[in-house]
Every structure is written in C-alpha cells, then in structure tokens.
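Engineer: Chains as they are written, first to last, in the numbering used here: chain A, 1 to 305; chain B, 1001 to 1302; chain C, 2001 to 2432.
Hints are computed from structural coordinates only; laboratory data are not their basis.
Remember, predicted model here, so these are calculated numbers, not experimental data.
In this text, a Cβ means the ideal position worked out from N, Cα and C, and glycines have one as well.
Incorrect hints may have been included.
If we take Cβ atoms under 7 Å as the criterion, some of the chain A residues that face chain C in the derived model are [claimed, not checked]:
(1) I50
(2) S52
(3) D137
(4) P138
(5) R139
(6) A142
(7) P153
(8) G154
(9) I155
(10) D156
(11) L160
(12) G249
(13) A251
(14) M267
(15) R268
Dumping the calculated PhoX-like pairs for lysine-lysine here, alpha-carbon to alpha-carbon at most 20 Å [claimed, not checked]:
(16) C:K2360 <-> C:K2383
(17) C:K2370 <-> C:K2360
(18) C:K2173 <-> C:K2383
(19) C:K2327 <-> B:K1159
(20) C:K2370 <-> C:K2118
(21) C:K2327 <-> C:K2030
(22) C:K2223 <-> C:K2327
(23) A:K75 <-> C:K2424
(24) C:K2344 <-> B:K1159
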Amino acid sequence: MKRNSRRGSLGKYKAIGGWIFVAPALFYFALFSFYPLINAFYTSTLQKDILSLQPSKFIGLENYVYLFRSEDFWKSIEATAVFTLGCFIPLATVSLLLAVFIYSRSKRFQNFLQMAYFLPAILSTAAAAVVWLLVFDPRGLANQWVNFIANTPGIDHKWLALSHMVRFSTIIIYFWKYIGYFTIIYFAGLSNIPRTYYEAAKVDGAGSWTQFWSITLPLVKPTIVLVSIIAMIQCMRTFSTQYLFTQSGAATEPINVITLNIYRTAMRDRYIGRASAMSIILFFAILIFSWFQLKVSRTEKISYI
Amino acid sequence: MNKVRMVQPTRKIGKRKQAYHRVGWRFSYLDNFLVWGILVVTMGLVLTPLAFMVVSSVMPYREVMRIPFRWIPTSFHWQNYWQAIRGNDGSFIYLRNILNSFFVASMVTLTTVFISAMTGYGLAKLPFRGRNLVFIMIMATMMVPFEAIMIPLYLIVTKFGWQDSYTGLIIPLMVNAFGIFLMRQFLITFPDAVIDSARIEGASEFRIFWDIVLPNAIPAVVALGILTFRQQWDSLIWPLLITQSEEMKTIPLYIVRFNSEKYTNEGALMAVAVIASLPIIILFFSMARYFTGGLTISGMKH
Amino acid sequence: MKRICVFFVLVLIISGVFMFAGEKKGEAQKITLLYWTFEDPTLTTIEERFVQEFQNKYPDVTIKRSTYPSGENIEQKVLIAFAVGKGPDIINLEMRASFPYVVYGRVAPIDPEAVGYKSQEEIYNDYLEGTLNVVTHEGKLYGLPEQLGSYNLLLNKKYFREAGLNPEKDYPKTWEEMLEVAEKITIREGEIIMRRAFDFRYPQYLTSWLPMVQQLGGSFLSKDASRCVINSEAGLRVMQYMAEWGPNGRNFGSPTYANARKNFNKDDGSIAMCLTGLYQTARLKVENPAFYESGEWMFVPYPRFADAVSDNGCNYYSHFFMVNAEKPDYNQKSAWRFIGYMTKHPEEYMVESALIQPRKSLMKSDVFNKYPYADLFIQEIAKSYPVIHHMNALKFEELMKEAIQSVMLTGVDPKEALQRLEQKANEVMLGG
C-alpha cells in the first residue's frame, strides 16, 4: 500500500507534523536544560568560588587538567564504575526475567505481582534510608539473617564499614528500589506484543520456547535496549543512596561517586568551576556509553505483517 | 488471516490451562513450581523493609529499635499516626504538604505523559530532516546530572519570580527525556500500516495520534504515568530550593523535618512514611487494570 | 482532556505571576524582610511571637520567617540563594558555614545603634569574654549569637550500677579511665556490641575530636593558620586511641552503629554514655518523662587526657544572626533592629528551647542558675576553644572523617592516615 509515488507530498506532510509534535519539548528543553548545560560548560572554564563577589577568572581547561591529575577524582570514577557495573547489569537482566515470569501467570496475579515488586519504589527515599540504615546496623536484621543462614552467630559483616561491603550495601538498596520500575517497563513491552502473533505461531506448531526466542525476544528488543540504557544512566547518576549513607557514619571513600563529589565540591568547598568541570566530564561519559550501547544493538523495526 | 479464529480452546479445560492458552506459553508442572518459587522468595526479600515500615509504624519508638526486632507488636500504638499528622509542632501542616505533593505530582505527570507521548510519536513515526539529531539532543538532557544545572536553573526560576509557588515547583520539571525515550521505543513497534491507512482516509496527524496510536499504547502510557508520579512524589532537592513558606512544602521535606536532630520517634516517622505511601499504592491499584489490557489491534485484520 | 491540561497550566502560570505581583509593593512605604533559620518547633513558637510584636512596633516592616532542616539542607539553600544574588535579609547559620560569608563581604558589619547599643565596644562588654571573637573580622563585628553550644558527657546511672560501678564516683574523668570503664560496661554478642559504654559524636570531628588533640598540646592549624600541623605527637596519640577504640582494636564502638545520642533517651540498654549538648535534657523531658523524672542520668565534664597540657573541654560551636549586605540600607537597618529585638530575650531562648545566648545578663539571672547543668556547660566553655573557623573548615572536617574512619574501619595505620590528612589539608589551603 505504501507507494513511493506518494512520498513527495506525504513526506513533507509528515515532516511538518514531526516538527510540530516535537516543538514543545524542544522549546522547553532549550530553556530548562540546554541553557543551564551551556552555563555549566562556561562555568567549568572559570576559577570561581560560589560566594565570592569578585569577577571570575577565566582559566580555560585548567580545571579539567587538575581533575585528571587528582587522585580523589579517579577514586570517584572507580566508585562510580564499580557501582554502575555491579548494579545495572543485574537490574536489566533480573527485571526481564521477573517480567517474563509475571507475564506467564494468570491475569489475577499479574497486577498483584507487579505491585509487589514496585512497592519498594513507593517508599520515599528519606524513609527508606532510615529503614535500611537500621537493617545494616551491626545489631540489625542484615547481620541477624546472614548469621542465621550461615550459622555464624555474633559475626559483624560490617555492611557499612568495609569498602567492598559498603559498596555492596548501596547496590543492594538501589537494586531493591528499582527492580520494580524496570519490571513494569518490561512488562509493558511484553504486553505490547499482539497475542495474535503467538496464536499464529501456535497454529504453525511452535512450542513455548521457540515462541519466546522467535517472537518475544526480538519484539521486546527495543525495550531491552531502552532498559539497559536507562538503567546504566541512572546508575551513573546515582546520588541519594550514597549521600544518605555518608551522612550517617558509613565509610565515605568507597562510595564517593562522581555525583556526590560534584555536589560536595560545589556545596561544601564552593568550587563551582571545578564541580561544573566534573559534571561535564560525567555528561560526556554518559553520552559516550549510551551511544555505544545504541550502536551495539541497532534497533530494527520488526513487523510480521 | 482467517485461521486465527480457529485457535480457541475447543475443550473446556480447567481455568488455569486456559490462561496459558490465552498467553501462548505453557509451563510444565516443575517449571511452574520453580517460577512461583522464585517469584515468592524475591517478593519476600523485597517486601521485608516495607513490612518493617508498616509494623514499626504502630510501635512505640523503644520497640522499633529493639534488637532482635519483634515482628508481632505487643500492642498497637496508634498514637504514632496522630503524631505524624499533627506534627512535632502541632500544626497539622502535613495535610497541606500531602495536598501539595499530590497537586504538583499530578500536574507534572499529566504534562509529562502528554508531551512525552507527543514527542515520542513524532520521533518514532514522523520522519523529518534532523530527526536523529533532535533525538540525540533530547537524550543528552537525560545525561546531565541535576547537581550541575541546579544553580543556573534556580537562577532562571527566580528571575521569573516563581520561587515559593506551584509554578516554580511544576514548570521546571514538566517534561523529561526519559519519558520521551520510553514512548519512542514503544511507538517504534506500532505497525505503520495502520497509520498509513488512516492517513489515506484523510485523518490529520493529530487525530491519528489521539484516536489510534494513544489508545493502543496504554500500557506504556500508564507505566510512564506511574513512574513519573512516583518520581515527583519523592523529589527533595528542588522543592527544598524553591519553597520558602511551610504551606508550599512537599512530603519529603516534611519527612526530613520530622526526623530532625531533636525529635527521634522512629515509630511516628514510619507512620509518616506509611501515610506518604498510601496515595501511590492507591494510584497503582486503580491504574493496574490498564496494564494488562494489552494491544487489541483488531483493526489490522482487515 | 488536552484542553483541560492546557487550561490548568495557564491557570498556574497566571496565579504564579499574580502571587508575585502582589509582593512588589512600593519601596518607600512597606518593606518585607526574609528571615531564614532552622526548623525547631520550640524556636518557632518564640520567634513567631517576636515577629508579631516587632511588626506591631514597626508597622512598615513585614517579616517573613522561613525554616529549613538544619545542617546541610539549610546551608545549601542559603548558599545557592546568595550565589544567584537572591539571599534573604537575615540568616542564622553555624559559624563553620557562615564564616565565608563574612570574609567575602556578603554579610554586613553590625549597626550598633539599630541593635540598641551606643557603640560596638558596648556590645562586646555585654557578652561573655571571647564569645564574639569568631564573628569579628578585621575589627568589625558581623553578627550576634543565636546560640552557643558545646558537648559534655551524659551518662545513664543504671548501666553503671549494673556493671558494679558507682556512677557518681566512677565516671571516667580521663580518656584512659574511659577505656577501663568501657571494658566493664560493654556487652557484646560475638563481635556485635549490644551495649556500648560510650561512643563518639562521629560526624562532628571539629567539635568533639579535635579538642582531644588540643588537650595534648597539638592543633590542626599552625598559629598563623597558614598550614596544617596535625601530624604531630599529639595527633598520633589520639589517632592511635581511635584505632584502639574501634572494631579493629578493643571494639568498644564504631561510626556504623546508630548514633549514641539518639539512642540515649530511649533508655533501652544500648548505650551508657554519650557526648551531647544541654538541649538533650529538654528533649529527654518530653520523650521519656519517666526516665527524666527518675533522675537516673547526669552530666559530667568532657574527659581529659591524664597528662594533658591544656585543660580544655569540647570545642564550642556558635550560631549567629547575620544581615545580608546586598539589601537596601533601610532593609539592613530594620534587620538589625529585629535582631536586636530578638536577642533581648535570652531567658526565653533558654527556657523554651534550651539555647544559651552568652549574654552576661543571662549568666546572672535566676533562670540560668536554676537550669540543671547550665553552670557546668558555661564553666567548660570558658576553658575551651571555639570550633576553628576557616574558609575550608568544612573540607577539613571531611578529611578528618576520612582519616579517622580509615583507621577505625579499614585498619589503616594511624601514622599513615595522619600524614595523608596533613598533606591533603595543606593542598586544600593552597587552592587544591
């Protein structure tokens, strides 16, 4: 039905429509995202103390040079990398698994199950922090349960003290919080696949495993790409978990992720120039990794019609 | 095409098996057991901190921090809820904060969902020169850490005079790239044939969007709505910067305030958290039926 | 549906505009002062009343008082507001955080007349010796105290007795004794401490840890404040003490347990002593009246080292009312008037909020002398140093935290940690 002869005017019609649909968001972002971003770019080339009324000194790329030579900065990179890898891979994969399992249950349970996994997310960050800090307290539930299961009474696993443990603890909390989110997204993606496809395949004699591989997986691929990228970006931008941890006595250095470093440099040390430079570096890092992910998994439109 | 109609179960099998037929997957008994096992165990782990929250909310604070924690409370300390609503200063400002959170989150959700769907549709289905560039630019905004743009954003908002108002709380958060990305990915798989045939019949782009695409993208729309609402519900830093009077503050600010240095009643704090979580739970349950609606692309068969 | 949304958004924008059109009244007639301070219900009760009374006295001035969660939250809020040039008229922050505002000239020197004195000299005479030094810069005074505070040892008598000790006599007077007492009182299950004898006030190292070093004759900064000198004999001894105290030593406590002071009021057996301020007793009265009435608690002075060369207690921190220097002259004058009005009521601050304002008149009053342990606190403060104020004070505290935590939690060698601390602090002072 789609004939090329129509493309001329139809194409232009679509193009104008495209711009109209996209315009509001673009206008909004120009004001509330691009302008602040450009401002951050500019600030990163200055040596500036937030409170100082003196005119700021232009120092070009010096902030960046300082950062790349700074041990503290590289430690933050390491903390962020460990957290991101340790978190987004389990998040993206386990949630798919859960979504598939939930999808295979009857309708009654589907809502209930999704809700159950999403519930941690509804617990506000501040309240969740209080609860988890009690859990990870040496006298708290975490030690109690692990000691019970491993039959090691009285051992303190130092959830908030040892470097690798405190990183693990932050990953646990983040995973717990967001597993529901991604399960819901995957589930919506699975729901997107018309049942007629499955029915048609069944008629052709395909078993459930084949159906999964040939129908579900390819059609849910855009969702998989979506979820991995979002999960990765969110993990790289993690802030409140680490912030609340460090505020209440946990070891700081192992979880001093980049965003926390940016925040501290700006708010506590007042070096807004250096903080902006770190933000720009983070921004580019995220950009590069996302582009890479998109490239690796080219999304094709799959249509069985 | 007509073959499709024949795939109804011809026998009245038990309800369970019928469900599998509908979905198209069938699991053996063992698989079934395993799946349920995994689902239940993970669910248990996931819900434990929440159970802790609910149980603690009716305990006097001394028992909340008790080691070992007693899961069954000896008595029901409902005063915690009264204190939660009343506040440490007796002002009942929590009720106003809840209203604020509700209003702000709703407005942000409505606008986000609408604009995300619109923009996502444009990016997915309406090819125009520079579309990929626009997509990348929008994605880029998602990668900017909030801490970096916090100050310039505050500057813009105060220049407009929007501090301490609903406008200031809502407008800067009204659109977000995550939503656009989500909608685009879903809408990409929407069959072109349907859209093109509607175009040929003379429908305007907006009508196609509104009447055909959107109703069939309900799971995505609802998912985005719930996620956005929840994110706004929990937002702390921006309301902190923008609000000045108590009447404008939102729930997370109340929680921080309740949990300050001088007032440490964990039981009442958990009660505050339970009250704060109720609207989201209600929202989810009421929206849940839209999730499993699925796509009904009956139009395609013609 | 879309139309409803559009309508809503328009309504919002319009109402937003109106809300602020309302505030921009003519300059000559009325002014509005913005006053930002901490969240504290008792403080709010008193100060809202002051606001009303002041507004009645000066009808052309309206004061809008806003409160924020103390600590990082309010500090961040004030910082950002000033950064974009929209700071409030009056602020109340802890000196550690507000010192940069003084140095950069963002806050104004005091206007003695507006505050109710004839000269700056008179103000100094009205307050306890030395308590205004931290807020004096290049000969000018930049604020008046909202509170002065410090920490001493609050102990639960019951747990002493349970360990066979007499709380009135056997409480630890020295840090060495502290270790002995801890040995007797601590109860553990394996590695996990179920009852701590005592624990430090972990995040606040400038206030409660540094004085230990100062007792042994050390200090963080050199006399001219040009470099860090923490890597000294004194510093090393205290660092070693922390190593011994923590989980890798004799395991008496650690930063990873719930705060000692938060658990104290519960009287649940988990903590016998904590370092805290006078305000805690006011809280105790409300939170756990049975425990408060039983009198099974007491304050004793901050411990010293047995061979201390300086008899200082815990460092004292201060909060000051300050005025934004970028506001119009009349705003500033009115702001100082209001501050003067508030600080005329030190008894109320004491009784309602347990906050000490170091005015000589308060020290002589009945209210003060009858308040339990108020004299102990003032005596200790008289002997102690103020929390250091420096442009990088907050960063120094962060570095201290890293050093101490690495020694206590991950078993880093104290000498090494101390060296790193000194090195990093010096880098910071050079603009690093």
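Engineer: Against the earlier hints, flag every one the structure doesn't satisfy and list their numbers going up.
Structural biologist: 6, 20, 22, 24
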